[in-house]
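Construct all of the structure, not just a fragment, from the sequences and the given hints.
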Amino acid sequence: MAATNGSVSAPPRMADLLRFATAGSVDDGKSTLIGRLLFDSKQIFDDQLEHVQQTSERRGDGYVNLALLTDGLRAEREQGITIDVAYRYFATPRRRFIIADTPGHEQYTRNMVTGSSTADLQVVLIDARKGVLEQSKRHAYIASLLRIPHLVVCVNKMDLVDNDEAVFEKIADDFRAFAAKLEIPDLTFIPISALLGDNVVERSLRMPWYEGPSLLHHLERVHIASDRDLAHPRLAVQWVIRPMTEEHADYRGYAGQVAGGVFSGGDEVVVLPSGQRTRIAAIESYDGELEQAFVPMSVTLRLEDQLDVSRGDMICVPDSMPIVARELEADICWMADAPLRAGARYTIKHTSRTARAVVEELRHRIDVHTLEPVPGASELGLNDIGRARLRLSSPLAVDAYSDNRATGSFVLIDEASNDTVGAGMIASAG
Amino acid sequence: MSAATYELSHLRTLESEAIHVMREVAAELERPVLLFSGGKDSIVLLRVAEKAFKPGRFPFPLLHVDTGHNFPETIEFRDRRIAELGERLIVASVQDSIDAGRVIEETGPRASRNRLQTTTLLDAITEHGFDAAFGGARRDEERARAKERVFSFRDDFGQWDPRSQRPELWNLYNGRIRKGEQVRVFPLSNWTELDVWQYIAEEGLEVPSIYFAHRRPVFARDGMLYAASPFVELIEGEEVFETSVRYRTVGDMSCTGAVESTADTLEAVVAEIAATRITERGETRADDRVTEASMEDRKREGYF
Ligand SMILES: Nc1nc2c(ncn2[C@@H]2O[C@H](COP(=O)(O)OP(=O)(O)O)[C@@H](O)[C@H]2O)c(=O)[nH]1
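From first to last, the protein sequence lines stand for chains A and B.
Residues in the first sequence are numbered consecutively from 7, following the numbering used here.
Residues in the second sequence are numbered consecutively from 4, following the numbering used here.
Hints may contain errors.
[Said to hold, decoys possible] Rough simulated footprint, nothing fancy, chain A against chain B, three-plus residues with beta-carbon under 8 Å:
{"hint": "1", "stretch": "45-59"}
{"hint": "2", "stretch": "138-152"}
{"hint": "3", "stretch": "183-195"}
{"hint": "4", "stretch": "276-282"}
Just so you know, these hints were derived from the structure itself, not from any lab.
We put the CB at the ideal spot given by N, CA and C, even for glycine.
As structure tokens, this is what we get:
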């Protein structure tokens, strides 16, 4: 009986995928909140719960500590902190979710940047008793730097401030005043108690003054489809398919993931950096030829003319091209112990192309406390964020990060250690 | 896919991401290999590989670390699937490692070859000069995996160091390594068990028959049901009886638990997984129960 066991009607077509990241200072209740979301949406399995119950008892927690659900590594359990990004998964009938659970402390800025880089939405936790701290501002700043379109501020531990509306409003006002300086297109505030589950999955009767949705309700309904850029088609060639079989003797397909916009069969396209023009002969996938391809589909393009196209080339359309640049201005989050300094050389990886980059000038460093740019900095240390000008060994076809997160981002790689040492977001190019 | 609104279902989004990962590895590493066990995750991985390079062949061979304690149904399926594809399968055998004195067989009623696989895998990687190995592991499976990168860098002993993982940003993967080092690559990192089953159903993929309910002689141990087989010694008091079971994972006969089930179609299996209250590894894998950190420890030693 090793067959596919008869015909299967397709399972219910699930809705879309929402990736969100969570940040909070230590003890703000981030683990409890995630545990609560998973638990109340019935994603915690009995054996996991039993494990948490036993561990809670052994540690003498006095209650079932849902925060334990998210402890991953031994070192983290021993020290009771989150060090690295952990990914969690849950689904409701409306949506499938991926949570990037990131540590909040400034010494883990790089982990937050990592976890938030792919997020559609950022959750920032604030302890109602403490109000808007320097850390909260840093989290909001990073979310805006990474151009996460939706920010949700959860004011947690409302139970410890008598569920007082005034406390919540004061925090929201403080936060708004700060956020006005940042680019955050969609900002939402929700008063919660992660411990008691208030306003996490269900709206709480203990805060009748709050008229907004619960956190889960908001996550299920926040509109993300229009966050994607459908106007500027881009596909970076990852791999050239040349089967060289009799059947496909002259076949050449350019395989890649659509990074922006919509391609249609017959479209006139430009291949960068060479600037050669041709038309799309066909858009192909394993499942057959497609009329159109759009973000984030992985497809294969066949072109009408035999051009010299290889990995790293960018396929786009004539009236909305990225900039072909040898010089970049970029915001960089530094991720290595050895600092970034002017004059240093790195490998830069941008879409599927790599080149060498030299740091021409460090324009400024962001003060982690005031979040203001400090000009004249001589280096970026581990977890620092700053603006630098890079010169490239060969041209890259780039967009501003604010226009396209996929074609506006890059990583820097240390050529001696091969480590990823920096994350870059292109501000301008020329 | 819906052309009017340009929206992709979550399964197609995950598939697209996995294809992207495979193409990056093929382009950036010299000698990748795909670990194929005949289990559901590697079946999905294989389909993604076919998709990523069509109409070409995928540019890497397949490797199975065969413990010798597999279910015969899995091996039969494995060989048939490979023959259909016309691909080359390298079989690295734990029995050979034992015979060569590379590892020592555990003894006693709870003996398992699970841990021994690491040596066999690392030996095969060295012998063939592989620098990247695709695995079907998912982050929802286990707490250490939840923290592992898609490109999981391993030193020249195959060891994972969770404290010094490379940051992984956007969809930019850094596949640079030095000679002797390797990456384990997990294109299905963001899939859940339910996603895998839904994908198998959508794609109409064949899976080994033991994933469907069947009658089998089993015995109960530590709250799990194990297959009676030549590879396990019974402990006094344990009795073999026959019942209707299916498997959620296909590991070794000696350490993979069966679940009582009557789900004998893909639809029924998907429904059962959607409703289950127990995790895949909790219900079926004795190897993960040994200590709180057993998976982390095995990964540090070079495990998948
Ligand atoms: N009273 C109250 N305590 C909370 C709430 N959320 C979290 N806590 C407690 O705050 C402490 C820190 O929570 P935890 O989730 O571990 O914080 P993390 O460091 O941000 O992950 C724990 O003792 C939690 O029980 C809440 O809403 N109300």
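Examine the stretch 183-195 of chain B for residues whose CB is less than 8 Å from any CB of chain A, and state whether their number is three or more.
holds (count 3)
Claimed coverage, the stretch 45-59 of chain B by chain A - three or more beta carbons nearer than 8 Å:
Since 7 is at least three, the answer is holds.
Counting residues of the stretch 276-282 of chain B that have a beta-carbon nearer than 8 Å to any beta-carbon of chain A, does the count reach 3?
holds (count 4)
When I compare C-beta atoms, does the stretch 138-152 of chain B have three or more residues closer than 8 Å to chain A?
holds (count 6)
No hint from the list above goes unmet by this structure.
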